[in-house]
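Participant: The lines below spell out each chain.
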Amino acid sequence: MSANTALAEKYRNNFLKEIEEQVEMGDWVKMCMQCGVCSGSCPTNFQSAWEHPPQELFMMIRAGKREEVLTSSSMWNCTSCYNCIVRCPRKLPITHIMHGIAEYAHRLGMAPKMQPTRFFSGLFWKNCTHTGRVNELKLSMGLYFKDGLGAGIKEGMKMKDVAIGLLKAKRLNPFELLGGHKCKDQKGIQAMLKKAYEIERSRKAAKMAG
Amino acid sequence: MAKHEYAFYPGCSSQKGASASNYLTSVESMCKTLDVKLTEIPDWNCCGASIGYAEAGELPRHVMNARNFALSEKNLPGQEIVATCAACWLGARETRERLTHSDTLMADTREALKEAGLTINEMPNIRHMVEVLIEDLGFDEMKKHVVRPLEGVKIAGYVGCQTNRPFGVDGESFENPQYLDKMVEMVGAESIPEYDMKVTCCGGALAFSEPEKAQAQIKDIVESAYDHGAEMIVTPCPLCQANVEIYQGQINQRYGTKFNIPVMYYSQLMVVAYGGSAKDAALNGQVIKARRLEEIAAKPVKR
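Just so you know, the sequences run in chain order X and V. Just so we're aligned: the first sequence equals residues 1 to 210 in my numbering. Just so we're aligned: the second sequence equals residues 211 to 513 in my numbering.
No wet-lab data here; the hints were simulated from the structure. Incorrect hints may appear among the rest.
Cβ pair distances, simulated, as ranges [said to hold, decoys possible]:
id, chain 1, residue 1, chain 2, residue 2, range
1, X, ALA205, V, ASN335, 31 to 37 Å
2, X, LEU167, V, GLY288, 40 to 46 Å
3, V, ASN494, X, GLY210, 56 to 62 Å
4, X, GLY150, V, GLU404, 46 to 52 Å
5, V, THR329, X, GLY210, 26 to 32 Å
6, X, LEU167, V, ARG464, 21 to 27 Å
Where chain X lies over chain V, by a calculated footprint (3+ residues, C-beta under 8 Å) [what the hints assert, rightly or not]:
id, segment
7, 225-231
8, 480-488
Just so it is clear, CB atoms sit at the ideal spot from N, CA and C, and this is done for glycine as well.
Let the sequences and hints guide you as you build the complete structure.
Facilitator: Rendered as structure tokens:
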């Protein structure tokens with residue numbers, strides 16, 4: 001049984017409880033009073049980027065629309081501007097809830113595979129935890145070449161002028177490709193993160209069992 | 211001994227050859243003038259930034275920041291941590307807040323840190339460089355060192371998101387923070403308090419992953435600066451700086467605009483006003499050159 005099926009079985013007919021127990025800050029969802037200030041404050045919602053803006057997602061969670069919420073591209077349009085958080089009259093940490101739902105959907109393999117920000121988000125985390133510090137060049141290259149070599153070269157060409165500008169200003173170093181900045185105690189960082197994931201997994205499993 | 215000493219968390223983008231290396235150069239010059247001593251936290255790591263959320267999870271993300279706290283406590287005991295990057299500052303402050311409010315999260319963090327041979331006993335204060343300038347030094351002290359006022363230069367203060375929300379600078383409003391305009395006035399330039407895009411999001415990481423969405427935002431930010439007669443934009447955030455500056459060419463192609471406005475850090479303005487050279491202020495680090503500032507930086511200093 002896949003993780004997704006197991007969780008769907010366990011929380012059958014109670015998607016709100018599933019979100020409360022399995023998603024970071026998910027226990028805040030029930031506090032939403034559907035005023036819509038978050039949706040009206042979201043910069044990318046103005047470009048009709050959100051299939052379902054935050055307050056709509058909150059209502060869908062309460063209505064048990066599990067599949068629709070977790071497969072939605074909506075949460076991935078968050079720019080982490082925190083406007084929704086500071087404006088929410090009920091003080092819901094909306095930005096964190098959006099990140100939390102996105103992370104949960106990604107963890108279950110339900111997030112839209114081709115969503116570019118989902119891809120970039122995973123890439124960023126891998127990039128920065130690999131050596132302890134971000135390698136900006138590898139990060140950009142990883143994004144441009146996500147759809148293969150041909151597409152990557154095309155994407156790279158589109159970015160040519162931006163890259164030349166940064167090179168001239170000494171804010172892009174081609175030698176980062178060969179190694180670049182890193183932490184000394186990479187072993188410690190890996191061990192520490194491994195432990196953190198273990199603890200987090202066991203806490204979530206305990207909630208599911210309890 | 212310096213007047214003010216802090217544990218310094220420079221962040222990934224500030225490193226040599228990285229996208230905000232000009233920020234660090236100018237901050238170093240600025241701190242020299244102000245007698246502020248920053249000691250880099252040895253072997254600091256990335257904060258994880260907000261965009262790592264797909265795989266960061268809750269505990270791993272906080273553990274990354276907690277490692278920096280532990281290293282700071284071990285090597286620079288008793289010093290507050292100062293970040294220049296908005297995302298570093300926000301990430302670290304968020305971790306501080308969460309760990310302070312949850313004993314479970316704190317215990318779990320300590321257990322994970324043990325794997326790297328580290329621990330936290332005291333939770334450090336996390337400050338942004340602008341907080342240090344405003345709260346620890348104050349505008350009068352900052353102004354005292356101005357020997358070359360940026361007279362007649364009109365500058366739009368673009369605060370952006372992450373130095374402003376969800377924490378922000380004490381005493382400032384989320385919708386209309388004033389401190390950056392005051393800093394512009396402090397260096398002798400002309401501020402634009404009615405600049406209506408001062409807290410608009412630049413698109414953040416979406417500038418990489420979904421440029422059309424971010425560039426629609428950046429267009430509004432730059433256009434409004436022009437509409438208000440600005441000849442340059444100033445910001446306290448490395449990602450705001452990069453996003454608003456480096457995509458102007460692409461925006462021109464996309465929208466048929468003719469944008470070419472320099473985007474500076476507050477620290478660069480201060481270094482020039484403090485009598486520093488173009489090199490001290492890292493003006494060579496601009497993709498869109500700030501000619502007017504270069505001219506001023508070449509002038510003799512009024513002492």
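Participant: For each hint given before, does the structure comply? Return the numbers of the non-compliant ones in rising order.
Facilitator: 8
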